[in-house]
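Q: Dock chain one against chain two, each of which comes alone in its own frame, and use the hints as you go.
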Amino acid sequence: MNASDLSPAYDLVVIGGGPAGLAAAALAARAGLSTVLFDENPGVGGQIYRAIASSPVKDRAILGEDYWAGVELAAEAGASGASIVTGATVWSLDPSRLVGVSIAGKARLIQAGRVIIATGSLERPFPIPGWTLPGVMSAGGAQTLLKAQGLVPGGRSVMAGGGPLLWLLAAQILRAGGKIDAILDTTPRVNWLRALGHLPDFVLSPYFSKGLRLLREVRARVRVIRVDRLEAVGDDKLREVVFAAGDAEWRMPADLLLLHRGVVPNVNLATAAGVAHAWNERQLCFEPVLDEDFNSSVAGIAVAGDGAGIAGGTAAAERGRIAAIAAVRALKPEAAVPDLQTIRQNLQREAMGRAFLDALNRPAVSFRQPQGDTIVCRCEEVTAKQVRDTADLGCEGPNQMKAFLRCGMGPCQGRLCGLTVTELIAAQRGTTPAEVGYYRLRPPVKPITLSELASLPITEVERKAVER
Amino acid sequence: MFKRLAEAGAAVAITVDGKRVECRAGDTVAAALIAADIDHCRTTPVTGAPRAPYCLMGVCFECLVSVDGVGSRQGCLVPVREGMAVETQIGKREAGR
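Residue numbers (our numbering), protein chains in the order written: chain V, 56 to 523; chain R, 341 to 437.
This is chain R alone, in the form it adopts within the complex (with noise of 0.2 Å):
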């Protein structure tokens, strides 16, 4: 869906759901999933749809990911880090969970 231009930063790895994905330092998590072209980033709690960043600026709530364990987080808010271990998150109510 997105290209990028030649002049991007030095290369950084993260994980996501476990595995590898190149993106560049100056990335947030949701600019590294957009250009990984990972095309949904969580479902939702009401009816499990698929979502991925809409805003990119903090206010929509879409790039909710869990960085390092903590849940919740928003992407777009999020510098990459070497070795960061990013998951999608499954936003439908599980009874017991």
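Just chain V, same shape as in the assembly (with noise of 0.2 Å):
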């Protein structure tokens, strides 16, 4: 669909293809509102299920049943009578729930009854010494990678971090011919004890049989090292990963290396339209503050899936589903719907086990609050000795700290290094990251061209009210 063929008003914008935006699109959608679900990717299905439609990897057991799981929302979303589009990048909505959007180089700005913002998560700064070097990746962009265009790891590869994410990654590497040198896992060993008092409920839930699989699937084909130290070494790019455990330290070559820490609320969104967000500490994350049927601060606009707080793709769907109840029941309450408690009991199921894993994958202190000249804004390359030094000196926040050093004021909006800066200066000033806070985001959130928004449609009146 072309900028063009949009209509000016939809009751339902919904910002964000994956689970919870596709769930939220179908269930809104067949229940009468005219409804509109914008994407930024080439195709729909988030993260998790990235490129669902096009994925060249054909062997089902590659990336398992729960990718496939996926064919099923995508299909729904796509015969609700919703339009989907794909290509479509928001870069901007304010609290009269007016989305910037473009299109293929063409913008425009529509106006919605209720928005449903499910941009999902990212994955967690990581902060290593030599982390920007060519060669070191995302586990999430490897897992991409694999998904959308069949690309695995081939040369001399090393995983880093923790969290299910990296020996689901894992798994799928190496069910595809992929190739794992070592795995090395971050977890403190501290974190088990922390975990066992959740071991309980994590046993009942799907995670642990699940779990307990693509642990030994993984752990029979690859060395796993528990490290407390990690560093990435090279010039022009990746050469060797260094990596320590207690007093011995070893170098392995490599050339690639793949981080994952686990995932947090992707906000820039959301704050940017001035929803309210508060500092999880389980989780070590900001997220919005959303009343039970996932409404911001802000009326009329709702956050669901991961974005709301992380839970998974299952329960993202599921949060989808509930606030596209909420938005049919605030504008076409005749509707028919699916029964809501039926949707909270899903909801209620899926948050077992969670806890456990919060606990076991805390990241440690040390990988979240760097030293010395490791960078900590990847754009403006920022270090983390510049971050202490300045707070230090006085500066109190995250929005003072950019007039400082430029630190989150690059391309990418403090998308890699916010919650980084919030620890550091929460460190450094003996106070919490609640109490620091996080940037102040504003739109555009995405990058668009003057010329984008110099040739956005303009009404008469808007015409007459600037010439003379």
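Hints are computed from structural coordinates only; laboratory data are not their basis. Hints may contain errors.
Using C-beta positions, here's what the derived DEER-type ranges look like [to be verified]: (1) R:K343 with V:L267: 52 to 60 Å; (2) R:A351 with V:G210: 21 to 29 Å; (3) V:R306 with R:T355: 35 to 43 Å; (4) R:A425 with V:Q400: 23 to 31 Å; (5) V:R294 with R:T355: 24 to 32 Å; (6) R:T355 with V:N401: 46 to 54 Å; (7) V:P63 with R:T355: 35 to 43 Å; (8) R:A425 with V:R281: 22 to 30 Å; (9) V:P512 with R:A425: 52 to 60 Å.
None of these values were measured; they are calculated from a predicted model. Cβ atoms here follow ideal geometry from the backbone N, Cα and C, with glycine treated the same way.
A: See below:
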């Protein structure tokens, strides 16, 4: 669909085509709301169901049945009557629910009756020395290459970090015939003790047997080494991975290092729209403040999926449905909708086992709050020492830090440094991330050219207002 | 660094800095650069350090390249098209440019 084919207004605009967005759009469109879903990627599916309609990986065992569950969700949304627009980048959302979207170089402003932000999560920043070198990539990035393009690591490859995605990706790479030389597990030993209290709940959850199977599958074929320190070393690209446990240090030649340390909500669009966020100490991230229907502090704007707080793909779809039911009830109360209680029960079941995973996968302080010359802000190349020193000088928060160091002001707009900068300031000043807060974000949250802005359709009234 | 599974899509050719690069339908520009073992796609504006695609999902902005004359496109969000002209970006500021 082209920008010119869009209606000027929709009952519901859904932003993001992962499980939450697809489920929300399907339910709302079926109930009779005029619904449009925007996703900036070439296809729907989000990250978990990336390239679900086009993946060249045909052997279903490689990606696993949890991936292929996305087929039904995408088909349901496709048949629902919702307009599903891919390659559509939302760069602005304001509290009056005016949505700025750009498709193939043409921008439009769309008025939404309700908005569901379903922009999901991104991988937690993993600032180790050398993490900006070519050859170092996020594990999620490698998984995208596998799902969407059928590319698997074939050289000297090392994975490092922890969390369910790391083990899942390792298994998928091995099943696809890829190569992994070692997995460097950064999980602090003490996490196992901390997680024990949540064990009964975890054992009863589906995560338990799936997780155990994955660990066994991967450990049988790859050397797993527990490490406390990790470094990527190279001149113009990665040459070796240096790691240490206790006093012993090892060096391993490598072409590819895949990093992963869990996921956190992608807060950029919601924050720029004025949605209130709060610090989640259990998951060490900011997340939007929401009611039980996932409504935010801004009237008519809901946040569903992992963007509402990390809960996983299946929970994301249920959250999307709940947010969509709230939208239908607000705009078309007479429409029939699925039973809300059943969906809430499904969602509750999905929460089982999460507390264990959160405790086990809580990243060590040393991997969240780097030291010395380690780059924190990749775009503006700001180091940990610079941020720490500036906090010592009296800089109290991330927004002031921008004025001192430009951190968070590059093209990624803080997506890969925001949490690190907040935590470093809190550590240095002896306060909490909740007190320090996050970067103030403003539209455009994605780059848009001046010519796109200048070519926005204008009304006669608007034209007369500026012409003399 | 990466190898391709057998099932990948039909062949598509683009140019990268004027040189012909074979890729497959379904590739994004960033994936095509990785598959072709092009080890960096830009240098940074501050120190001129080389960078390569990092997240492949539109959040890190490391894969910024020029596509058909438009600079700073996110390579991971742009699907390849036959004849597309991709240029890597020299990021360091140059006086008078």
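Q: For each hint, tell me whether it holds in the structure or not.
A: Quick rundown of the hints versus the structure:
Range check, K343 (chain R) to L267 (chain V): about 30 Å between beta-carbon atoms, so the 52 to 60 Å window is missed. In this structure, A351 (chain R) and G210 (chain V) meet the distance hint of 21 to 29 Å, their C-beta atoms being roughly 23 Å apart. Checked against the hint of 35 to 43 Å, the pair R306 (chain V) and T355 (chain R) passes, with Cβ atoms roughly 38 Å apart. The supplied range of 23 to 31 Å is broken by A425 (chain R) and Q400 (chain V), whose beta-carbon atoms lie about 54 Å from each other.
A beta carbon spacing of about 29 Å between R294 (chain V) and T355 (chain R) agrees with the range 24 to 32 Å that was offered as a hint. Distance hint check for T355 (chain R) and N401 (chain V): the Cβ-Cβ separation is about 50 Å, which falls inside the suggested range of 46 to 54 Å. Judged by the Cβ atoms, the range 35 to 43 Å given for P63 (chain V) and T355 (chain R) holds: they are separated by roughly 39 Å. With their beta carbons about 47 Å apart, A425 (chain R) and R281 (chain V) fall outside the hinted range of 22 to 30 Å.
Between P512 (chain V) and A425 (chain R) the beta carbon distance is about 30 Å. The supplied range of 52 to 60 Å is therefore violated.
Violated hints, in rising order: 1, 4, 8 and 9; the structure is consistent with all others.
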